[in-house]
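Residue numbers (this note's numbering): 47 to 150.
Some hints could be false.
[Unchecked claim] Here are the computed distance ranges between Cβ atoms for each label pair:
1) CYS149 with ARG101: 22 to 32 Å
2) ARG94 with ALA145: 37 to 47 Å
3) ASP71 with ALA145: 21 to 31 Å
4) THR99 with ALA146: 42 to 52 Å
5) ALA102 with SER59: 20 to 30 Å
6) ASN55 with GLY115: 36 to 46 Å
7) GLY63 with SER133: 30 to 40 Å
8) ALA58 with HIS79: 15 to 25 Å
Bear in mind the hints are in silico, worked out from the structure with no lab data behind them. Yeah, the Cβ is synthetic: ideal placement off N, Cα and C, and Gly gets one too.
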Amino acid sequence: MKLIEDAANAQASRADGRACGVFGDIGVWSFDHAKIAVSADGGVLYARDPELTARAVRLAYFGLEQTTGYAEAMRGNTRWWDFEVSSFSRRSIMNDVLAAVGCV
47 MKLIEDAANA QASRADGRAC GVFGDIGVWS FDHAKIAVSA DGGVLYARDP
97 ELTARAVRLA YFGLEQTTGY AEAMRGNTRW WDFEVSSFSR RSIMNDVLAA
147 VGCV
């Protein structure tokens, strides 16, 4: 069993001296328009286990094993347009402009 901590509005918050969002196996923070820290969309996901982190990365981008055809072409793959899908998922990433807003 995994503990997923919803820390959507707990950026910079602490409980007993520990940052909110790092108690469980997974912590999530939201940056959409109705939250405390706003970048219009997106958020952050923290996973304690490296394997869980790798799985979260795949699930965040349609369940694809690779994110671009360019990366496959650089490996010498002549069928760079063939993507390996490991699981059903959806697109759960923010674009670069909103990420830049969030960094500021």
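Results of checking the hints against the structure:
The hint said 22 to 32 Å for the Cβ distance between CYS149 and ARG101, and at roughly 25 Å that hint holds. At about 23 Å, the beta-carbon gap between ARG94 and ALA145 misses the expected band of 37 to 47 Å. Our hint of 21 to 31 Å for ASP71 and ALA145 holds, since their Cβ atoms are close to 24 Å apart. Against the hinted window of 42 to 52 Å, the Cβ-Cβ separation of THR99 and ALA146 comes to about 23 Å, which falls outside the hint.
In this structure, ALA102 and SER59 meet the distance hint of 20 to 30 Å, their C-beta atoms being roughly 22 Å apart. The hint said 36 to 46 Å for the Cβ distance between ASN55 and GLY115, and at roughly 38 Å that hint holds. Between GLY63 and SER133, the C-beta spacing of about 37 Å keeps the proposed range 30 to 40 Å intact. Distance hint check: the CB atoms of ALA58 and HIS79 are about 19 Å apart, consistent with the given range 15 to 25 Å.
In this structure, the earlier hints numbered 2, 4 are contradicted, and the remaining ones agree with it.
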